[in-house]
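Make a model of the complete structure from these sequences and hints.
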Amino acid sequence: MTIFDKAIAFEQRKHTFKTTSERIESSREVKDLILSLNKIYKKDKDPEIMDLMKRLTVIKQKIEKRLKGRP
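All residue numbers for the sequence shown refer to our numbering, where the first residue is 1 and numbers rise by one.
What the hints contain is simulated information worked out from the structure, not anything from laboratory work. Incorrect hints may appear among the rest.
Below, a list of computed lysine-lysine pairs in the DSS-like style, where the Cα atoms sit at most 30 Å apart [unchecked claim]:
1) K45 to K6
2) K31 to K54
3) K31 to K65
4) K14 to K60
5) K6 to K18
6) K65 to K39
7) K42 to K54
8) K18 to K65
9) K42 to K6
10) K45 to K18
11) K42 to K60
Label-pair restraints from in silico Cβ distances [unchecked claim]:
12) R70 to A9: 26 to 32 Å
13) D44 to G69: 21 to 27 Å
14) N38 to K68: 20 to 26 Å
Just so we're clear, the structure is a prediction, and the values are computed from it rather than from any experiment. Virtual Cβ for every residue (Gly too), placed ideally from N, Cα, C.
Written as structure tokens, this is what we have:
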């Protein structure tokens, strides 16, 4: 399974996390996917990779917002 397949599978996965540990795991997973896609993007400069990274970043921000909670 390539990085692209993993990223698309993560994006299409249902994001209802019951526990904090599930949120932390998914946040770390999406961070690793974004960083590895970024390495590929630096070489290829493919706009599709950038679009995928942007969509994953939005998901990551939602997860982290939920982790931090309300002040």
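Verification of the hints:
1. K45 to K6: holds, 20 Å
2. K31 to K54: holds, 12 Å
3. K31 to K65: Status holds; Cα separation ~14 Å.
4. K14 to K60: holds, 13 Å
5. K6 to K18: Satisfied, since the Cα-Cα distance of roughly 22 Å is no more than 30 Å.
6. K65 to K39: With Cα atoms ~26 Å apart, K65 and K39 stay inside 30 Å; holds.
7. K42 to K54: holds, 15 Å
8. K18 to K65: holds, 15 Å
9. K42 to K6: holds, 19 Å
10. K45 to K18: Given pair K45, K18 is violated - Cα atoms ~37 Å apart, limit 30 Å.
11. K42 to K60: Distance of about 21 Å is within 30 Å: holds.
12. R70 to A9: 26 to 32 Å: holds, 31 Å
13. D44 to G69: 21 to 27 Å: The hinted range 21 to 27 Å is violated for D44 and G69, with Cβ atoms some 38 Å apart.
14. N38 to K68: 20 to 26 Å: holds, 24 Å
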